[in-house]
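Take a look at the letters that make up each chain.
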Amino acid sequence: MKNLADHILDIVQNSLRADATLIEIIVEENKTDDFCKIHITDNGCGMSEEMVKQAANPFFTSRSTRKVGLGLSLLKQNAEVANGKFSLKSKLGVGTIVEATFQLSHMNKPPLGEIWDVLYLSMLGNQNVTLAYEHRTNKGNFRITSAEIHEGIGDVPMQNAEIREAITGLLKSNIKELQ
Amino acid sequence: MSKITSLADLKRLKDEVQSKIKLRENSDNPEQMVQVKVGMATCGIASGAREIMKYFVEELEQQAVDALVTQTGCMGYCYAEPTVEVILPRREPVVFGFVNKTKAQEIIDLYIKKGEMIDGIIPITFRTIDE
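So the protein lines, in turn, are chains W and U.
Counting from 2, one number per residue, gives the positions in the first sequence under the working numbering.
Counting from 185, one number per residue, gives the positions in the second sequence under the working numbering.
All the given hints hold, so there is nothing to weed out.
Listed below are the simulated PhoX-like cross-link pairs for lysine-lysine, each with C-alpha atoms no more than 25 Å apart in a straight line:
1. U:K187 - W:K177
2. W:K173 - U:K198
3. U:K187 - W:K140
4. W:K177 - U:K195
5. U:K198 - U:K187
6. W:K173 - U:K195
7. W:K173 - W:K32
8. W:K173 - W:K38
9. U:K198 - W:K177
10. U:K285 - W:K3
11. W:K92 - W:K68
12. W:K3 - W:K110
13. U:K287 - W:K3
14. W:K92 - W:K38
15. U:K187 - W:K173
Beta-carbon label-pair distances, calculated as ranges:
16. W:T33 - U:Y263: 44 to 52 Å
17. W:S106 - U:P307: 45 to 53 Å
18. W:A162 - U:D293: 13 to 21 Å
19. U:K298 - W:D20: 31 to 39 Å
20. W:S106 - U:A248: 44 to 52 Å
21. U:K298 - W:V53: 46 to 54 Å
22. U:E242 - W:D20: 28 to 36 Å
23. W:P59 - U:T286: 31 to 39 Å
24. U:K298 - W:S106: 49 to 57 Å
Reference excerpt, derived from the structure (chain W facing chain U, CB under 10 Å, subset only):
25. D7
26. L10
27. G70
28. V119
29. N127
30. A162
31. N175
FYI, nobody ran anything at the bench for these hints, they're computed from the structure.
The structure displayed is predicted, hence computed values, not measured ones.
Glycine included, C-beta positions come from ideal geometry on N, C-alpha and C.
All chains, please: the whole structure from these sequences, using the hints.
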């Protein structure tokens with residue numbers, strides 16, 4: 002994974018596979034306390050205690066198509082090499098919380114990447130799922146949900162070129178402004 | 185239109201766009217539409233599936249193909265990522281492997297628009313007849 006946006010896309014795919022209908026992503030970049038935190042909560046099917054223990058093991062997966070599961074293990078590794086932490090909490094039938102912190106100024110901290118593209122593509126591919134995104138920095142907060150965007154565009158399709166540019170532009174300018 | 189920075193701007197743009205476009209008749213029955221599913225598990229993302237999905241969304245829209253581009257999980261062809269599954273109306277699904285932008289363009293131009301079989305279908309030993 003080259004950047005945090007790819008990691009987020011990856012974790013969101015986990016939530017979708019767990020049949021989540023509500024996924025909340027919070028990215029916090031704090032310059033004063035020098036940390037960057039990714040926090041992803043979903044209301045999917047959740048995992049048993051044994052599964053939570055195994056989840057960050059690269060040789061564990063819930064899939065039957067292959068024998069390795071690298072998503073969470075790569076995120077954990079990337080957080081740890083950037084002087085950060087990784088945590089996973091989950092409850093069967095309730096949902097899952099994934100949290101990864103990085104030292105913001107650490108040279109191993111991956112760049113944020115094109116998070117606006119990730120959000121747009123995730124919303125486009127899963128229009129029946131509510132996605133909430135919040136970006137927090139020392140300058141303030143920006144929060145948006147897919148429900149608000151769908152309300153905004155009405156029955157105009159999301160893939161329409163002008164709408165597509167408007168949505169990614171809206172996300173990008175608001176995030177950039179906070180950085 | 186000027187830069188979109190708020191939901192109010194987005195709504196204004198929507199009204200502008202809505203008057204220009206004709207609503208797609210098929211959007212309620214996906215069986216009648218071309219479906220493009222991009223493999224978007226860890227293996228796919230690490231191989232650049234995000235760029236490929238974006239490319240399909242942009243190109244299909246530009247070429248006015250009525251298509252539904254979505255994400256799917258790992259199909260077990262991690263060695264061939266990015267993989268793309270294309271379902272043409274009333275046809276069997278076909279999975280393409282090692283899809284880069286050139287391949288994506290070929291899939292759109294030849295398979296999606298003309299229905300011609302092309303190389304790169306998984307299993308990758310598949311070759312079109314003229315080879």
